[in-house]
Amino acid sequence: MALSRLSSRSNGIARPFSAAFNRFISTDTTPITIETSLPFTAHLCDPPSRSVESSSQELLDFFRTMALMRRMEIAADSLYKAKLIRGFCHLYDGQEAVAIGMEAAITKKDAIITAYRDHCIFLGRGGSLHEVFSELMGRQAGCSKGKGGSMHFYKKDSSFYGGHGIVGAQVPLGCGVAFAQKYNKEEAVTFALYGDGAANQGQLFEALNISALWDLPAILVCENNHYGMGTAEWRAAKSPSYYKRGDYVPGLKVDGMDAFAVKQACKFAKDHALEKGPIILEMDTYRYHGHSMSDPGSTYRTRDEISGVRQERDPIERIKKLVLSHDLATEKELKDMEKEIRKEVDDAIAKAKDCPMPEPSELFTNVYVKGFGTESFGPDRKEVKAALP
Amino acid sequence: MSAILQGAGAGAAAALSPFNSIDSNKLVAHSRSSLSVRSKRYIVAGSDEGTNKSFGSSSLIARRSQPLMIPNAVAATKADTASSSTPSKSGHELLLFEALQEGLEEEMDRDPHVCVMGEDVGHYGGSYKVTKGLADKFGDLRVLDTPICENAFTGMGIGAAMTGLRPVIEGMNMGFLLLAFNQISNNCGMLHYTSGGQFTIPVVIRGPGGVGRQLGAEHSQRLESYFQSIPGIQMVACSTPYNAKGLMKAAIRSENPVILFEHVLLYNLKESIPDEEYICNLEEAEMVRPGEHITILTYSRMRYHAMQAAKTLVNKGYDPEVIDIRSLKPFDLHTIGNSVKKTHRVLIVEECMRTGGIGASLTAAINENFHDYLDAPVMCLSSQDVPTPYAGTLEEWTVVQPAQIVTAVEQLCQ
Chain V
1 MALSRLSSRS
11 NGIARPFSAA
21 FNRFISTDTT
31 PITIETSLPF
41 TAHLCDPPSR
51 SVESSSQELL
61 DFFRTMALMR
71 RMEIAADSLY
81 KAKLIRGFCH
91 LYDGQEAVAI
101 GMEAAITKKD
111 AIITAYRDHC
121 IFLGRGGSLH
131 EVFSELMGRQ
141 AGCSKGKGGS
151 MHFYKKDSSF
161 YGGHGIVGAQ
171 VPLGCGVAFA
181 QKYNKEEAVT
191 FALYGDGAAN
201 QGQLFEALNI
211 SALWDLPAIL
221 VCENNHYGMG
231 TAEWRAAKSP
241 SYYKRGDYVP
251 GLKVDGMDAF
261 AVKQACKFAK
271 DHALEKGPII
281 LEMDTYRYHG
291 HSMSDPGSTY
301 RTRDEISGVR
311 QERDPIERIK
321 KLVLSHDLAT
331 EKELKDMEKE
341 IRKEVDDAIA
351 KAKDCPMPEP
361 SELFTNVYVK
371 GFGTESFGPD
381 RKEVKAALP
Chain B
1 MSAILQGAGA
11 GAAAALSPFN
21 SIDSNKLVAH
31 SRSSLSVRSK
41 RYIVAGSDEG
51 TNKSFGSSSL
61 IARRSQPLMI
71 PNAVAATKAD
81 TASSSTPSKS
91 GHELLLFEAL
101 QEGLEEEMDR
111 DPHVCVMGED
121 VGHYGGSYKV
131 TKGLADKFGD
141 LRVLDTPICE
151 NAFTGMGIGA
161 AMTGLRPVIE
171 GMNMGFLLLA
181 FNQISNNCGM
191 LHYTSGGQFT
201 IPVVIRGPGG
211 VGRQLGAEHS
221 QRLESYFQSI
231 PGIQMVACST
241 PYNAKGLMKA
251 AIRSENPVIL
261 FEHVLLYNLK
271 ESIPDEEYIC
281 NLEEAEMVRP
291 GEHITILTYS
301 RMRYHAMQAA
311 KTLVNKGYDP
321 EVIDIRSLKP
331 FDLHTIGNSV
341 KKTHRVLIVE
351 ECMRTGGIGA
361 SLTAAINENF
371 HDYLDAPVMC
381 LSSQDVPTPY
391 AGTLEEWTVV
401 QPAQIVTAVE
411 QLCQ
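In order, the protein sequences belong to chains V and B.
Here the first sequence is numbered in full-length UniProt numbering, starting from 1 and rising by one per residue.
Here the second sequence is numbered in full-length UniProt numbering, starting from 1 and rising by one per residue.
With the rest of the complex left out, here is chain B (with noise of 0.2 Å):
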């Protein structure tokens, strides 16, 4: 893990501790180690029509304090103490999307193996602006525009990495990687051990996925539930620009294949980042917020469900721990195990469906592994087992909502 600037792989120690997370950011965390930095997270809403959206209005919301350099901000207080702010230049501000692209071009500076493939990455900047500045910067032989043909590019972008080089291939929309199942479980997942070792696939395969502003059900998918037995593969979920960028960095550089799954409503978030060169864990999960009582554990977006949750659950006298898993395959049940054992109930929130998804899979994880430890049964909240309509309302009551979060942690916690 110390090899990370070094440019090895972004491995994990074979033993996870919170020492180890230290270790992955040794080198910022010599010059930083003192401070104890509150970051401001400005959340840019989009037009919401008021009820329990996940950033509610327009204002800013403070984040508990979270070192900006450690991902699991284990000496992270709770309160906030007042400190000294960090000096302006130590970060800079950007949005969700444009971190990916930062960890992406940085990426491909390094390493002329890594290209992009996808629909309209290239000319047109990406469908998210992923990709914007990639075309001119690098030439269209390393940022391809494909056309419409899902199974066919992402077997080809599987074919290029049997060879060497490292592609990241870009679903306009997670759904549409279904047309690539085939590919991706059979040839991404398996070929590694099918051909008993010799060729590698370093495949990134990302895209945004997830609920957004009603889109209609066939562009609202969850597919991190329907890739989760594929063996040999990697999933994370990344939910903020500072982990956006990590785990972007860490997937290229993995040689695994990764499905990264980002979130059509998180593209626009707004985070102060380090300068420096950083990359986060696959494997591990996030402490987002410390606490006694009950370890919520959610990924991307469920996250700020989760934490606008905590806040009217800190008023009414609770003290929850928010863990972001991060890593949907392999789950990090060191952290996961550390927070169970410290407060004995768990609950999951999560934008899957509630059969067969990573929800269903933790807790089943979390009863084999942990049971002695529980005080109540695991709690999933997952969003309904239907397609997501389009009409606004019915649509916020498919996913889950801070005030049902509330109301379970409440009935968890009697």
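Next comes chain V alone, as it looks inside the complex (with noise of 0.2 Å):
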């Protein structure tokens, strides 16, 4: 049952402005308890329960960041229409739940690999958004310095070990990071993220087994938007329960589109991988972009498929809702943020796009770490084109 706080407007106050009015809230951490829309399906262990403890300041704060996040991908389209985006453009919106929740369920101890729909991940493990258009762009100032594009955002501060191109392989990397987290003894757990269509992958059980095995703090987390690509997940998978497939590893299915179910999984998912070794997590969710810029995505379901997810299960909208229902803000407010938003967003590409292109010498640098001291320019070290630093 979700308690209802008094309302402010009952006090007579008079609404100050968004700011300050958001300062006003953001001091307020009185828990809230919100039910996940859907319970939880489990896979070898008890699943955690319906209720999940809130504030009003973390639901206006998902309320923030997800609209950023939706914001900033969809100016990524136009960006990649206008042509100033090469390449591959793989986008998020639809699954920002997904990203908020985790954040909101671990710390920047604990790490996230993902494969190459990191935008938003990027963003929320304290990327700026500076940062993401710049790389996006192939500018200096983009977090691989340009040269690694969409598909490789890094943040090696907050642990975010990207952004990887080829699917499936991030999964034996995170692993990897799980059993480097176990043997320096950290008490942290890695989420190693991929889709429905890289869960097909031979790695991926290589990768649980030996996690298993050696009992590393690892989760994996299947991010289910039923499409890999172009192929539905019942043309590609057997069985499509992403969640049971670990066999032996425990499972746990969530509602994906909805920000407190992710987060309350994810918490879960932590207390059991610090305990008991890996977990897989799968998040039910939707992507209402195609898999990439290149790919409409409407010849392989219907636009009323699309549009009936957006109407039901938008993450952003229920979030809202729930803002609404809770008084925190107004419609207006809403919409004021929404506006601020776009505003911050327009500005970072702006921003960015004055940024210049790196300079034709980062072309042979970080091919081999500095110090190394040769010059490497080909297996036959020729005089050169450029020295390396």
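These aren't lab readings, by the way, just hints derived from the structure by calculation.
Don't take each hint at face value.
[Stated by the list, open to error] Cut-off 20 Å, straight-line C-alpha distance, at most; resulting in silico cross-link-like pairs (EDC-like, lysine to aspartate or glutamate):
no.	chain 1	residue 1	chain 2	residue 2
1	V	Lys185	B	Asp111
2	V	Lys185	B	Asp109
3	V	Lys156	B	Glu255
4	V	Lys185	B	Asp140
5	V	Lys276	B	Asp140
If you follow the hints, you should be able to join the two separate chains into one complex; please do so.
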């Protein structure tokens, strides 16, 4: 049962400006309990409870950050169509609840590794909009100095390990990070994210076997958006219960469009992983865009389906309804917030557009680690096009 | 480079020169600079059928004088002058796999971040005994027996390296690492670049490769040619107990991912190596036998075939210079260049396949850089472009034999 706070309206206080309003609410951490939309389905473990502890600050935070993520992805769409972003661009809109719920449950010491749909996770880990847009447009100020691109966002100081292009290859890497966490006796876990398409990769099962054998604090999270590029999951997988695929490893199926369910599940998974070893989470989620910008996304699914999900399960709408029903903000205030976000994103894009492209000498940096001393321009050490630092 | 004994990475100085190579063993050279040492190398032969095998029969093959300490034996004399042999406590004798183990153990003692992962490396002691005894000493968390999943455990090693651990990943046979090619190419080689320098991957990937004794096609692969294009990795091939230990230590200390190629047939080579700690330079080639007439470039097992041929050639009046290139990526064009400028003829002897092998790259590199110094086209002797057959006689014909090297030298020196 959702407790309803005393509405401040009933106190007759005139609502201050939105900025001041945010400050007013942000000091308020009175707990609010929220019910998840669906119960959890568990495999080989006891599911966590449906009641999630939250606070009004967190609710507003969720709304703001998810709206920011959504706006960022839409802006990236336009930039791609304007040919400022080239190559591959995989957008995360629709799946924001997974990123935000996960962040809320863990610390920056816990590691996250994901595949190429990484813009929002990077943002959640503390990346800035400027870094995102600069990297997408290949500028110097990008998080990977413009040399990585959309699929290679990393943030070492927040334990965000990327950002990988090859489907499934990040899962063994994630188990390796978990191994290092166990080796160094840090009380931290690693979330290795992958999609329903990648769930059929052999290296996942290899890595899962080792993680279970060595009791590694690895949490495998399948972001099941039901389509592996253009192939629906029922055409690619004999068993679509990805949370059960671990066989001897416990699993949990979560409504990935409900940020609180995700938060609860990740908290549960972290506790489990630290004590008992790996666990699989399946996030039932959906992406509105196609697989990438070169995929319209409508040849293998109907527009009705997409708009249906958008109407019934959109994660931002859900949070909005919760915010409104708990009287934490009015419609107008939320709209103002969205306008602010839009402006923030536009400013970041403008700033990124002004950023210079990388220097030509950057072509040769970071091939080998600095201090190595060798000029690396191919195996023949020619007198050079560029001397390496 | 002088920082080796302070435990810094074994990076090369920007300009390589013979002097630098002596620097690398400064501490040792101090005490031994006046000694010219002759080391006898005992090659323990397997049971051969006697035809043109590299090790010949079980007779002792005395090496050209090679000071123990200095990898580039520039100061080495060609003819053996009788010199005082070293007192026996100057070094200790061991086999190549023991040298690798010693290097690994020393590095594991020195740095708690070093760990080993591979199949049967722990309790079994390693299929070639390179990791024997390490599991008992360091425990199961540092010497990890993995299940048979090269793709996953190579990926895990790389993931662990991203956080700062220094795993040594063993492929039981180099050929098995083909299953991990994606991890090695995309994640190992490229992560430092695509992350804009945020992550370093200080892994060592090692394992035995090369043509063995009738092991069959799939277990006789030479992967150095497959990996050579991957940007961001370094490749080295060891050939003697001395450089095996030195390269192992250098590879572990290096911040870059290093692939260390060992050879199945060289594990039982015996040599005396120094007691003191030493490291070999990862990017340097080794001068095995200085000469005047022709430069023979080789690596790994073919070094011994080349030296066998050199004996015959000396008897015929030629004076070949044999260089073990050791560093397969990047090539040590400095040493090679100096040699080419001296002799003007080059013969490359390798165990790689003809097509797309290390020799092919090296030929191109030499032609591009030293064309003016060549009196004859660069000749490359490689293995045949065939899967390695099982039958012993056929297998022999796939690899380069000393007789072929002798013929080639005679041809080039006409």
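Inset, instruction - Decide if the proposed pair is consistent with the structure: Lys185/V and Asp111/B, CA atoms, cutoff 20 Å inclusive. - result: holds, 16 Å
Inset, instruction - Would you mind confirming whether the straight-line C-alpha gap from Lys185/V to Asp140/B stays at or under 20 Å? - result: holds, 15 Å
Inset, instruction - Quickly compare the C-alpha distance for Lys156/V and Glu255/B to 20 Å and report which way the hint goes. - result: holds, 17 Å
Inset, instruction - Given the hint that Lys276/V pairs with Asp140/B, test it: the Cα-Cα distance must not exceed 20 Å. - result: holds, 19 Å
Inset, instruction - For the pair we were handed, Lys185/V and Asp109/B, check the Cα-Cα distance against 20 Å. - result: Given that 20 Å is the threshold and the Cα spacing comes to 19 Å, the pair holds.
Violated hints are absent here; each numbered hint is respected by the structure.
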